[in-house]
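Same order as they appear, the protein sequences are chains P and U.
Per this note's numbering, the first sequence starts with residue 1, numbered consecutively.
Per this note's numbering, the second sequence starts with residue 1, numbered consecutively.
Hints may be right or wrong, so weigh each one.
Some, not all, of what chain U presents toward chain P, calculated at C-beta under 10 Å [what the hints assert, rightly or not]:
1) Ala24
2) Ala27
3) Phe52
4) Ile56
5) Val58
6) Arg59
7) Lys63
8) Lys66
9) Asn70
10) Glu82
11) Ala83
12) Lys86
13) Val87
14) Ser90
15) Gly92
16) Ile96
Just so you know, the hints here were simulated from the structure itself, not pulled from any lab data.
For each residue, glycine too, the CB sits at the ideal point set by N, CA and C.
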Amino acid sequence: MQDRLTLDADPAALARLNDWLAARFSEAGLAPAVAADMKLCLNEAVTNTICHGFDDPAGARIAVELQAGPRRAVALVTDNGRPFDPLAAPLAAPIESLRSAQIGGFGIKLMRDTASALHYERVGDTNRLRIECSAD
Amino acid sequence: MQISQQELDGGVLKVTLSGPFDIAGAADVDVPFSVIGGRRDKVIVDFSDVDFLASIGVRVLVKAAKSMGNRGGTMALFNVGEAPRKVLASTGVDTIIAVTEDEPSAIAAVS
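Looking at chain U on its own, in the form it has when it is part of the complex (with noise of 0.2 Å):
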């Protein structure tokens, strides 16, 4: 799994990820995810290629989720496919992570 970062205006971090969120791609991303968490309050994740989501990625993204709330930060989700999209309901990980459906709309959950 691919992972990029990008620095948008109001101290927003925008991670774009690309390829199956599955053990394999869990392992990609723990180490990356998990310095985010630790370091930034204002994160949004950008779902449009990640077509796939098992619940070992569910757990990155909500250990990296409560790090940053322990600091008052928040992180949202946009562009979420169907199948994702089903995962976070399932599971309810959706109702802590806002799942939203654009840019614009995860950068103003964030801010």
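Looking at chain P on its own, in the form it has when it is part of the complex (with noise of 0.2 Å):
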């Protein structure tokens, strides 16, 4: 199975997206618990760029690398959208009360949280993401 994934920069790529993954978590026989964070980080950093990284979605390149074992993942998402860092983006407020909460702005800090390890650089026009989520 290819362990490189392109999707276009429209919400019917998140199918295709968890069906691949589904598929390489079993090929690795990926540890659930890890499969599951690895899931909801890529899933987190795809949905912003599909969603806020183009102007133009007619040129969008994105794609998703992933290397897999029994307790550890990592994968690499490449975009050619605008320069974002998740690392450096502001995190919504901490929640005090129904009343004051954000409606939104919580896929930044679900990925800080849940991921092992992120690294992040802007080479040349593209965006490279780097993820890890391990069991150890």
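Hints are included, so try docking the two chains, each in its own frame, into the full complex.
This is how it looks when you write it as structure tokens:
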């Protein structure tokens, strides 16, 4: 099976991503808890790129590469959208009450809380986000 | 994502969700949840068949809960699996939407 998946900047791409991930995780025998963490991180990263990365989705290039073993998975998400560093992005304010709670802005915090390690760099016109999830 | 609704005693509305609460799932249930949030004040949500919750799904829940809360209403979730429960805790949403063990507990939380 290919270890690289290319996606359109379209919400339907998430279903393709998740089907591909399920097969890759099964193939690798990845621990279910680690698989769940990686699935969440990749959904947040790709959703963010699709929703906010492009003025014109026609020229979008999004790719996900995955290496996985039984206890650890590492993904690289690349896209040619506008520069966006999820490690530098401000987090939504902590929830204090139902009345004051923001409706959105949870995705970046979820990625940061869930991944074992995140690394971002901008290379040329490409965002490169490395996500590691591990049972250790 | 599938959504069904059932009227219970005491004016409680039971909403049952089935499927991944991802970008596509959120699109499927955003309008029904907006209607529920605007009209109902005692809502329990069965998460038994939701094994994946992304931030875009959290957004749908919070938007409906805030709309209900503005009218004094309450929403509670029940039968929430480990992965969605972790997301609700990480975002802090479990402090503003009750996450309960089972249907009777959820009914008690909104009544």
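Quick rundown of the hints versus the structure:
no.: 1; hint: Ala24; result: holds (6 Å)
no.: 2; hint: Ala27; result: holds (7 Å)
no.: 3; hint: Phe52; result: holds (7 Å)
no.: 4; hint: Ile56; result: holds (6 Å)
no.: 5; hint: Val58; result: holds (5 Å)
no.: 6; hint: Arg59; result: holds (5 Å)
no.: 7; hint: Lys63; result: holds (5 Å)
no.: 8; hint: Lys66; result: holds (6 Å)
no.: 9; hint: Asn70; result: holds (8 Å)
no.: 10; hint: Glu82; result: holds (8 Å)
no.: 11; hint: Ala83; result: holds (5 Å)
no.: 12; hint: Lys86; result: holds (8 Å)
no.: 13; hint: Val87; result: holds (6 Å)
no.: 14; hint: Ser90; result: holds (5 Å)
no.: 15; hint: Gly92; result: holds (4 Å)
no.: 16; hint: Ile96; result: holds (4 Å)
In this structure, none of the earlier numbered hints is contradicted; all agree with it.
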